[in-house]
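Produce the complete structure using the sequences and hints provided.
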Amino acid sequence: GENVEQHPSTLSVQEGDSAVIKCTYSDSASNYFPWYKQELGKRPQLIIDIRSNVGEKKDQRIAVTLNKTAKHFSLHITETQPEDSAVYFCAASNAGNMLTFGGGTRLMVKP
Amino acid sequence: GAVVSQHPSRVICKSGTSVKIECRSLDFQATTMFWYRQFPKKSLMLMATSNEGSKATYEQGVEKDKFLINHASLTLSTLTVTSAHPEDSSFYICSARDRRVGTYEQYFGPGTRLTVT
Chain A
1 GENVEQHPST LSVQEGDSAV IKCTYSDSAS NYFPWYKQEL GKRPQLIIDI
51 RSNVGEKKDQ RIAVTLNKTA KHFSLHITET QPEDSAVYFC AASNAGNMLT
101 FGGGTRLMVK P
Chain B
112 GAVVSQHPSR VICKSGTSVK IECRSLDFQA TTMFWYRQFP KKSLMLMATS
162 NEGSKATYEQ GVEKDKFLIN HASLTLSTLT VTSAHPEDSS FYICSARDRR
212 VGTYEQYFGP GTRLTVT
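Here the protein sequences come in this chain order: A and B. Heads up: the first sequence at position 69 corresponds to 69 in my numbering, and the numbers run straight through without jumps. Each position in the second sequence, counted from 1, maps to that position plus 111 in my numbering.
Keep in mind that the hints were calculated from the coordinates and are not lab data. Even glycine gets a Cβ: it sits at the ideal position worked out from N, Cα and C. Errors might be hidden in some of the hints.
Below, computed lysine-lysine pairings styled on DSBU-like, alpha-carbon distance capped at 35 Å [as the list claims (entries may be wrong)]:
#  : chain 1 : residue 1 : chain 2 : residue 2
1  : A       : 22        : B       : 125
2  : B       : 177       : A       : 37
3  : A       : 58        : B       : 125
4  : A       : 42        : B       : 166
5  : A       : 42        : A       : 22
6  : B       : 153       : A       : 42
7  : A       : 22        : A       : 57
8  : B       : 152       : A       : 57
9  : A       : 58        : B       : 175
10 : B       : 125       : A       : 71
11 : A       : 110       : B       : 175
12 : A       : 71        : B       : 131
13 : B       : 177       : A       : 68
14 : A       : 71        : B       : 153
15 : A       : 37        : B       : 166
16 : A       : 68        : B       : 125
17 : B       : 153       : A       : 37
18 : A       : 68        : B       : 131
From chain B, some residues computed to sit far from chain A (all C-beta separations above 10 Å) [stated by the list, open to error]:
#  : residue
19 : 130
20 : 143
21 : 166
22 : 172
23 : 173
24 : 175
25 : 176
26 : 179
27 : 184
28 : 187
29 : 189
30 : 196
31 : 204
32 : 214
33 : 216
34 : 221
In structure tokens form, the structure reads like this:
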């Protein structure tokens with residue numbers, strides 16, 4: 001089955017700096033890669049996703065890059081703000097079927 | 112956007128009792144719903160995939176007789192934790208996938224925090 005590794009597990013940045021979270025996956029059949037933000041006790045919220053037919057997608061301060069050959073994808077957050085502090089999960093799926101999640105990254109943005 | 116509700120949001124029960132959790136897609140039809148369990152400071156672990164009108168598919172290590180899943184309609188799936196024990200205490204989250212062709216996104220419910228005493 002699919003295996004998704006996520007790094008780092010914790011990330012502390014200064015407000016205004018950029019944050020990068022990286023994930024690798026094992027199943028070459030995976031073609032959908034969403035990123036979720038989860039605040040304590042809340043549901044995961046989709047912040048951006050990418051399909052395997054594109055290499056990069058951007059939405060304001062958030063961008064995701066995908067390298068299918070190397071089987072890795074990354075989340076980039078620019079100009080971080082304290083409200084970006086949360087746990088972020090990457091995931092992989094084959095055509096929207098079951099999601100396999102990474103282990104999560106706790107992002108702390110210091111004001 | 113699509114909305115998924117989950118009920119109850121929080122439940123405390125005694126060891127040995129059963130608890131039913133409902134997951135509803137409010138404004139779309141979901142042929143497939145997924146049930147996850149999340150322990151504190153851990154990731155989401157898929158428990159089972161629930162398809163409308165058919166038996167659920169359970170992940171390895173998940174006891175199907177303990178975690179009963181029923182997907183009776185295109186908008187409702189239920190998870191029943193039978194004979195709950197303290198080790199079943201966790202955050203249970205469902206997600207639903209829109210049945211429209213070409214949509215990959217899963218929409219998550221708000222979760223149910225189960226505490227077994």
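Now for the hints, and whether the structure bears them out:
Proposed proximity of residue 22 (chain A) and residue 125 (chain B) is contradicted: the alpha carbons are some 41 Å apart, above 35 Å. For the suggested pair residue 177 (chain B) and residue 37 (chain A), the alpha carbons sit about 30 Å apart, so the restraint of at most 35 Å is met. With a CA separation close to 48 Å, the supplied pair residue 58 (chain A) and residue 125 (chain B) exceeds the 35 Å bound. Among the hinted pairs, residue 42 (chain A) with residue 166 (chain B) is consistent with the structure: their alpha-carbon atoms are about 29 Å apart, no more than 35 Å.
For the suggested pair residue 42 (chain A) and residue 22 (chain A), the alpha carbons sit about 23 Å apart, so the restraint of at most 35 Å is met. This hinted pair checks out: residue 153 (chain B) and residue 42 (chain A) have alpha carbons roughly 13 Å apart, not beyond 35 Å. Restraint check: the Cα-Cα separation between residue 22 (chain A) and residue 57 (chain A) comes to about 15 Å, which is no more than 35 Å; the hinted pair holds. The suggested pairing of residue 152 (chain B) with residue 57 (chain A) holds, with an alpha-carbon distance near 29 Å, which does not exceed 35 Å.
Distance restraint check for residue 58 (chain A) and residue 175 (chain B): the Cα-Cα separation of roughly 41 Å exceeds the 35 Å cut-off, and the hinted pair is therefore not satisfied. Our distance criterion of 35 Å between C-alpha atoms is broken by residue 125 (chain B) and residue 71 (chain A), whose separation comes to about 45 Å. Note on residue 110 (chain A) and residue 175 (chain B): the hinted pairing is violated, with a Cα-Cα distance of about 44 Å set against a maximum of 35 Å. A hinted pair counts as satisfied when its Cα atoms are at most 35 Å apart, and residue 71 (chain A) with residue 131 (chain B) does not qualify at roughly 39 Å.
Straight-line distance between C-alpha atoms of residue 177 (chain B) and residue 68 (chain A) comes to about 39 Å, which puts the hinted pair past the 35 Å bound. Using a Cα cut-off of 35 Å, the hinted pair residue 71 (chain A) and residue 153 (chain B) holds, with the two alpha carbons roughly 23 Å apart. Restraint check for residue 37 (chain A) and residue 166 (chain B): satisfied, since their Cα atoms lie roughly 31 Å apart, inside the 35 Å limit. With a CA separation close to 48 Å, the supplied pair residue 68 (chain A) and residue 125 (chain B) exceeds the 35 Å bound.
Restraint check: the Cα-Cα separation between residue 153 (chain B) and residue 37 (chain A) comes to about 14 Å, which is no more than 35 Å; the hinted pair holds. The hinted pair formed by residue 68 (chain A) and residue 131 (chain B) fails the criterion: a straight-line CA distance of about 41 Å is larger than 35 Å. Distance check on residue 130 (chain B): its Cβ is at least 18 Å (rounded) from any Cβ of chain A, clearing the 10 Å threshold; non-interface status holds. At roughly 8 Å, the least C-beta separation between residue 143 (chain B) and chain A is not larger than 10 Å, which violates its mark as non-interface.
For residue 166 (chain B), the condition that its CB be more than 10 Å from all CB atoms of chain A holds, with the nearest at approximately 16 Å. At roughly 12 Å from the closest C-beta of chain A, the C-beta of residue 172 (chain B) stays outside 10 Å, upholding its exclusion from the interface. No beta-carbon of chain A comes within 10 Å of the beta-carbon of residue 173 (chain B); the shortest separation is about 13 Å. For residue 175 (chain B), the requirement that its beta carbon stay farther than 10 Å from each beta carbon of chain A is met, with the minimum near 16 Å.
Every beta carbon of chain A lies more than 10 Å from that of residue 176 (chain B), the smallest distance being close to 21 Å; the non-interface claim holds. Against chain A, the non-interface label of residue 179 (chain B) holds: every CB pair exceeds 10 Å, the least being about 19 Å. For residue 184 (chain B), the shortest C-beta to C-beta distance to chain A comes to about 20 Å, beyond the 10 Å cut-off, and the non-interface label holds. Residue 187 (chain B), annotated as away from the interface, keeps every beta carbon of chain A farther than 10 Å; the closest lies near 18 Å.
With 10 Å as the threshold on Cβ separation, the claim that residue 189 (chain B) sits away from chain A holds: the shortest Cβ distance comes to roughly 18 Å. With a least beta-carbon separation of about 23 Å from chain A, residue 196 (chain B) lies farther than 10 Å from that chain, consistent with its non-interface assignment. Taking the minimum C-beta to C-beta distance to chain A, about 6 Å, the non-interface status of residue 204 (chain B) is violated against the 10 Å cut. With 10 Å as the threshold on Cβ separation, the claim that residue 214 (chain B) sits away from chain A is violated: the shortest Cβ distance comes to roughly 7 Å.
Interface exclusion of residue 216 (chain B) from chain A breaks down, the closest Cβ pair being 6 Å apart, not more than 10 Å. Distance check on residue 221 (chain B): its Cβ comes as close as 5 Å (rounded) to a Cβ of chain A, failing to clear the 10 Å threshold; non-interface status is violated.
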